[in-house]
Amino acid sequence: MTKQHMPPYLGVAYYPEDWPEEEMDFDIAKMQEAGINAARIAEFAWRKMEPEPGCYRFDWLHRVVDKLGEAGIAVVLGTPTATPPIWLTRMYPDVVMESEAGRRAQHGGRRHCCSNNPHYRAYSAKIVEAMAREFGKDPHVIGWQIDNEIYSFPMGCFCPECRQRFLAYLREKYGDIESLNAAWNLNLFSQAYDRFDDIPSPRDAWHNPHLRMEWIICQNLSHVEFVRMQAEILHRYVDVPVGTDTMPFNGMDYRSMTDALDIVQFNHYNTADNLHGCSLWFDYLRTLKERPFWNTETATNWNGSTDIGQTLKPEGFCRANSWLPIALGGEANMYWLWRTHWAGHELMHGSVLDTCGKPVHVFGEVQEVAEGYRRAADFLRETRVETPVAMHFTSLNWNMFATQSVVHHLDYMDALTQRFYQPIVDSGLRPDVIDARQELDGYRLIFSPLMMTLEEADLPRRMAQWVREGGIWVVGPLTDIRNAVGAKYRHKHFGMLEELTGVEWLYGIPDDAGRIQAQWADGSAFAGAQWYDIYGAENAMATVTAGHSALVGKAVAVCRPVGKGTVILLGTLPSREDMDRVIAQARELAGIAPTRLCGHIMAAPRKGTTRSGLILVEYAGEPASYTLDHPMEDVLAGGTVQGTLELEPFAVRVLEDPRK
Amino acid sequence: MTKQHMPPYLGVAYYPEDWPEEEMDFDIAKMQEAGINAARIAEFAWRKMEPEPGCYRFDWLHRVVDKLGEAGIAVVLGTPTATPPIWLTRMYPDVVMESEAGRRAQHGGRRHCCSNNPHYRAYSAKIVEAMAREFGKDPHVIGWQIDNEIYSFPMGCFCPECRQRFLAYLREKYGDIESLNAAWNLNLFSQAYDRFDDIPSPRDAWHNPHLRMEWIICQNLSHVEFVRMQAEILHRYVDVPVGTDTMPFNGMDYRSMTDALDIVQFNHYNTADNLHGCSLWFDYLRTLKERPFWNTETATNWNGSTDIGQTLKPEGFCRANSWLPIALGGEANMYWLWRTHWAGHELMHGSVLDTCGKPVHVFGEVQEVAEGYRRAADFLRETRVETPVAMHFTSLNWNMFATQSVVHHLDYMDALTQRFYQPIVDSGLRPDVIDARQELDGYRLIFSPLMMTLEEADLPRRMAQWVREGGIWVVGPLTDIRNAVGAKYRHKHFGMLEELTGVEWLYGIPDDAGRIQAQWADGSAFAGAQWYDIYGAENAMATVTAGHSALVGKAVAVCRPVGKGTVILLGTLPSREDMDRVIAQARELAGIAPTRLCGHIMAAPRKGTTRSGLILVEYAGEPASYTLDHPMEDVLAGGTVQGTLELEPFAVRVLEDPRK
Amino acid sequence: MTKQHMPPYLGVAYYPEDWPEEEMDFDIAKMQEAGINAARIAEFAWRKMEPEPGCYRFDWLHRVVDKLGEAGIAVVLGTPTATPPIWLTRMYPDVVMESEAGRRAQHGGRRHCCSNNPHYRAYSAKIVEAMAREFGKDPHVIGWQIDNEIYSFPMGCFCPECRQRFLAYLREKYGDIESLNAAWNLNLFSQAYDRFDDIPSPRDAWHNPHLRMEWIICQNLSHVEFVRMQAEILHRYVDVPVGTDTMPFNGMDYRSMTDALDIVQFNHYNTADNLHGCSLWFDYLRTLKERPFWNTETATNWNGSTDIGQTLKPEGFCRANSWLPIALGGEANMYWLWRTHWAGHELMHGSVLDTCGKPVHVFGEVQEVAEGYRRAADFLRETRVETPVAMHFTSLNWNMFATQSVVHHLDYMDALTQRFYQPIVDSGLRPDVIDARQELDGYRLIFSPLMMTLEEADLPRRMAQWVREGGIWVVGPLTDIRNAVGAKYRHKHFGMLEELTGVEWLYGIPDDAGRIQAQWADGSAFAGAQWYDIYGAENAMATVTAGHSALVGKAVAVCRPVGKGTVILLGTLPSREDMDRVIAQARELAGIAPTRLCGHIMAAPRKGTTRSGLILVEYAGEPASYTLDHPMEDVLAGGTVQGTLELEPFAVRVLEDPRK
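Chains as they are written, first to last, in the working numbering: chain A, -6 to 653; chain B, -6 to 653; chain C, -6 to 653.
Hints should not be assumed to be uniformly reliable.
No copy labels: a pair is met if it fits in one copy or bridges any two.
Restricting the straight-line Cα-Cα distance to at most 25 Å, the calculated cross-link-like pairs of lysine to aspartate or glutamate (DMTMM-like) are [stated by the list, open to error]:
#1 Lys119 x Glu154
#2 Lys351 x Glu531
#3 Lys130 x Glu492
#4 Lys481 x Asp11
#5 Lys41 x Asp191
#6 Lys351 x Glu497
#7 Lys485 x Glu16
#8 Lys481 x Asp300
Hints listed in this document are in silico derivations from the structure and should not be mistaken for laboratory results.
In isolation and in its complexed conformation, chain A is listed as follows (with noise of 0.2 Å):
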């Protein structure tokens, strides 16, 4: 990396190969007028890079490199393999996946080949390859990116391929068919196999969760395989970072994916309407590896493919939403895309250059967020995020959710941001989001709520130790009442929570209705939804009880001392209100200092060896403040700013702390 590549990049999607080459300065001369600093670029070119089997065709795609490097411009190369050319799809029809209704796909569009076919993986090694020979020493290659936003959805291939990979997964899981039998409670309509080979891919049957869940863990993994495949060869050439650009997708692990990257790579399309969604996504991407994340994709204003289904975004959008991955701790956000498609796929998508070459209506606002990158440049590079607040989220449980979703409609990733996440940070925490293999020092307060199941990574025994060393733990509701492979605890309804606390459940009741009528110790009423757990109030400190009949006085909440710590029990998804008044209890037990804040404000603590400071995201398109408990150089305006701040409808504030 030279010294003018250096982070944060403001970035674009350029696909030169789409373009006459004439076109190539026009496009450079503006993204320097825009202040665009990166282009991710080959990711879908494959065929122009090798058109024939075995002929590559690196000529065009040096020059690209080149003339970008040279104009300043880093560059992030993709390998093409989520669009093979035609020629692979000839010479070898298997290669694409096969439908849950038994067709196979065809070749037309993107990421429709399978992941596990030989032929596929082995054409594929063969362009990384040569792409790696070619470029991995590039000065201007600030980093790679394996193919493009690979996962599968909803249930992936079932090709005869995909089949076999799943029964040794089995195999290898469970080691023999009893085991399987027994684990999957398949006495159960005589639904029990004799051998592995007997196991069907789940369709064309109402089958068990288990199954399917089993079956969609394993048709991610062929992916993380094809990753890991592809990062081994390049890591033989290449000396920056590799990654993928994954999407806001948790059903493939994402720390399984990233363990043999270098970089967490990320795109999000999130509009104004749900801009918290993917600051969730940041506070959980900056907790899988040391180096800053990259944000490789988001749209400047509207998402679009032949057609927009979406209206334009309110002013200012494009400036909070370029923000908010370097606030919460990357150090890249990239604009797809540079120029819109002339014709194809996605050519209404929403872009820095129109069509024809006219700059959009939001240019201005991508070159004040350039602007913004570069006068906070050093104190971005040279600080981090920190903060003693987690809350869990993992791929097992999502795709626990996604087989078995305990009451309809209850999906865990609105739930969890809508319910938990979204409150959290209108408190003014901030809370890494972090998976079972987080390791835990560090955090005085965890937030861990549709955690069906606990059973990863030790996760029961750490999490009681860390209570027991003092931690507060705000746990459930739904959390902690299924096994690793999704079945229920046969003598007892939570796996170690009612151990732990000494509370006592009684009840696993689904209300949407009112029914339950549960109120705070102080009379006044409190509204869970859709589930509850009723516990026993009696050597519990209960903090919400129930007034249905038979429920009257039992327990919707507890507040347990648990060693040094305490454990919250929460058993009901709280409204709005109520999970403020179950925050502001646990942040005092935690002894984390109230935030001043009014309105919805991302407020992102930064904390270096030598500097600190705080960086203020509007994120809903309202007026919001944020008091300081004392004056704060204003990095992006100047001047030193103090007490209450007002923030305008997406403002940014970037804050250093004079004090040394």
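Use these hints to put chains B and C onto chain A, whose structure you have.
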């Protein structure tokens, strides 16, 4: 049947094969605590009974039956043919159904086999005979249940066996192809077939409604034959009653299904919102056999599969729901299920015990029901429901509406229940719900709405005779408008109604916009719905007339004396208020005294050779009242009641007439 | 054509093959009573005409034609190719279509054969030639109808023949594969094909919009060829006009379809809610041929298949609906159907006679229409609709919107009808609705909204010339933004509009939230919808400008003199009120005097060599009024009318100008 296994039964579905055997004593003790005196077992346990072809294992099942029986819990044994083991599917891949899209089902759920498949039939016969030999004379077994919830929805299996069965069915019914072409009007669209072998299964085309109806009838017939085959085997070994538990689905003709059986068994999962819906079925089921029916499945509280789509039911629901089948002529109510599954399918379903062995929160209601059954046992065994009122409801009309519903969204079941059945029962009448074969003697008032065809069991002649001899017949709308295959009459609109009444049919008109503007003879407004038959009012006693320009003064409802009886001809589906008025008129004509009730009560008059009385069940969860003509003994609470009884929501009263 | 078979025709679809022959005299007598003077027959009667391959039976059909003709009822003969007999499907199982899911259709409905299949074509040719030989000179046959409602929806047939036809079409159109790759921008996603044989049918992938559009065009072309083949045969034997009755579906290019035909035939089933919708089609159909078109199918009252989804239509609807095609340039209106089928498909459809032979309740309206046609016959035959106003509507743009709709839910037909056509007609203008090939001479005002591409029939050059010579062109939104294959222009936003007007395009923006905040020059609010093109306002006469921050003062609509003419450039879809204002401005520029009407009237100016006049049809079922400039003779009611005419709902006035 030993002395201690006497009805009424409060039972549960119990799946010992899904649990460690050492749990059994605990479960049985808890059943006794709940007051359970019957258990349905083994219905899905084929593989445990026959782990390999021809290798039978019944020792475990004997232990279950013995332990239950010795604990005073009678056993209902299910044949396990709904869930064949994997070895059957592996040996004969064609035993499973073929979908409309041409895909074979897979092992993994239940009811995925084709009732026409010879291999499936053969192996089903073998396991049934093995069970029957083994348990045919067991003193604790009080009855058998064949298969489980067998029916075709929506169009069943499309395998080659099914098509051949269909062609054979058509050959037998129509004789030669020209008769079929003529009956179905196949000159239309040049559809006519040259030979039976030309006729396709009803997929991949915009098919003729007659073809589609015959297909559905034939599919259901294959299940009737499959059940009959099992019944014949069981009857060779078994003395206790044999039945099959089906669902509230009248596409399968329940009369044909139970002709070869000894007892009617029935599963329902109605909720607090539609409890009157299951009562319609109970009023129907009791007419099928002398022997009281068994309600083999219902939920204590909520339904659920891998997730729950319901909210807990209001207090008292379990009581009312458990009493309804008993009040209306059954002798058993059984909960599905005893203890919630710990893994696999349906592990969020309501139960009596939670998975971990704790009683669910309505356990107290279950115990109260058990106690009530015990107190009322003699009264229940010695009395039967008796009533002079009936309402028609037939499988043939169900299937005719399913394949040609006259107007969009006119659902036979819904319209019959909401528009006719509920007003009838809320007026205090207790209708027998009868099919076409039911004898008419003894009824003074019969409602026949939505009977598209009367051409079954000689009904046109029999109804005419019954009316002429003094019956009061409320007939229409949409009754008598098709012949037995669903074709219209070509020279008259009705099959027999014009001839019977002398009233002229003029027009048939869809209207849901109130354009018809109907009114009663006294000028008050009349609201119908969806469809209007318009009659000449000249020689009719028009009770309701139309107001639309071309139709002013034409009749929408008429009341015509016929012989000693009267026909009330209804042209539309009246509003609730207007139907109440029709019922009051009909009741007066029939000489049936009005009942003084307020609210929503199922009132079941009971009569035996020496005793009589009345059972009241409040079914809507609202306060209600019922005024007695003379004092009655309260069988459950003890003492004597008289005058106006106030019923709390979901209240149950069993009242015996002290006058002998 | 004999003297008695003169237009205008009030006709019916009659299916004697579905009834006993002895019913024919009754039906014909009733037709005479109704005033019917034309009948369409035989369209689905292939099997009755050719019960076995090559064995023709026409005696029965001669008896029908003769009896009808002798009763004064002219005959339109249909070729029966929509419904081949089962023997054809049995002999050649590949004659039926293959679905997107890969399943072959089955015998049983209609229009299930593939127009590209050689066997289907061969046997179709034979039956058509046999019919033509037999009835080619029959004096009672006034016209022929080829097939019935032939078109592809949504994507047609996927059989191997169709794929080969598609590849041949692409080869012919694009010449070599690199041209196709270039035109469709197939470097994108490495989609490019090495050879034509690589190109798949558009299923089983996220396909390119250009591929999808060409497929749809090619599918429809196969129907055009199939119809043309039949027309060539008929023209060898027949002197009367030959047509084919199609539907309000412009994916099939009506111009190409009717090039080889003599008359335009058309079926519609519009209801009281959307009667203006069929008028748009009539305004289009009359431009295709000199000879007045035939409205071959419409409902007397409601539509229905095996069930009815409609409510009866208001009084007078049948009158207005029956007069609209006549007023707007047709010479026939025919009801589907004469007498409701007695069994099979579609037996709940509105008709003139009910199944059992009774007149339906609007029989009186039918008789009134027949009488009106007779009174106005000479006036109708001797005048034609003439107008200086036109609106564009093309098949190519229909298919382009269908495959890339720019914004979600922007339906070309709906938007064109609601946003443009209805305001135009409600202003009293009578537009010719024209395709790209239509001559422009004679028009003073042309509307071209939603013409994504102008690149057809040399339209850019012709429109520019027409404007420069004095035309008033209201153009946009979303017009001129794509080339003929649906690709964007790469160096300019519009194909020709910027060059023609000198107005600069700046931005294209989706907005349905009112964020654009547009207003008229006088400051009053302007409401657009869905999409906004924003123009530089500098050298334009901006009539509407935007108010969104970055866009303040930029233009949304401009009015620019060009040569002797004017271009009104519309950037969005105006609200009704705002479109009225645009129309008023355009009309004034075009020198067309305003019409004084209130309400919803289709006003059709008629002109002949010696006579002229005006037909008014109230089409919304509401009171309306129209003010005459001078006294007129009322052709239907007799007498002279003048001043302001009050029209009752669905009123019809045929007015002749007494001034010669």
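Report task. Indicate which option fits the pair lysine 41, aspartate 191 if close means a Cα-Cα distance not exceeding 25 Å: within, between, both or neither. Result -> The answer is between: 17 Å across copies meets 25 Å, while 44 Å in one copy does not.
Query raised in the report: Can you tell me if lysine 130 and glutamate 492 fall within 25 Å by alpha carbon in one copy, between copies, both or neither?
Result: Classified as neither: same-chain Cα gap 57 Å, cross-chain 48 Å, threshold 25 Å.
**Report entry** lysine 481 and aspartate 300: within-copy, between-copy, both or neither at 25 Å Cα
**Finding:** between (46 Å within a copy, 13 Å between copies)
**Report entry** Same-copy or cross-copy closeness of lysine 481 to aspartate 11 [CA-CA at most 25 Å]
**Finding:** between (53 Å within a copy, 13 Å between copies)
Requested in this report: Using 25 Å as the alpha carbon limit, work out where lysine 119 and glutamate 154 are close: within a copy, between copies, both or neither.
Outcome: within (21 Å within a copy, 38 Å between copies)
Query - lysine 351 and glutamate 531: within-copy, between-copy, both or neither at 25 Å Cα - result: between (70 Å within a copy, 17 Å between copies)
Requested in this report: Pop the pair lysine 485 and glutamate 16 into one bin, within, between, both or neither, using alpha-carbon distances up to 25 Å.
Outcome: Between. Shortest inter-copy distance 14 Å satisfies the 25 Å Cα cut-off; intra-copy 68 Å does not.
Query - Within, between, both or neither, where lysine 351 and glutamate 497 count as close if Cα-Cα is 25 Å or less - result: For lysine 351 and glutamate 497, the Cα distance is within 25 Å only across copies (11 Å; inside one copy 66 Å).
Hint compliance for this structure: hint 3 is the single one not met.
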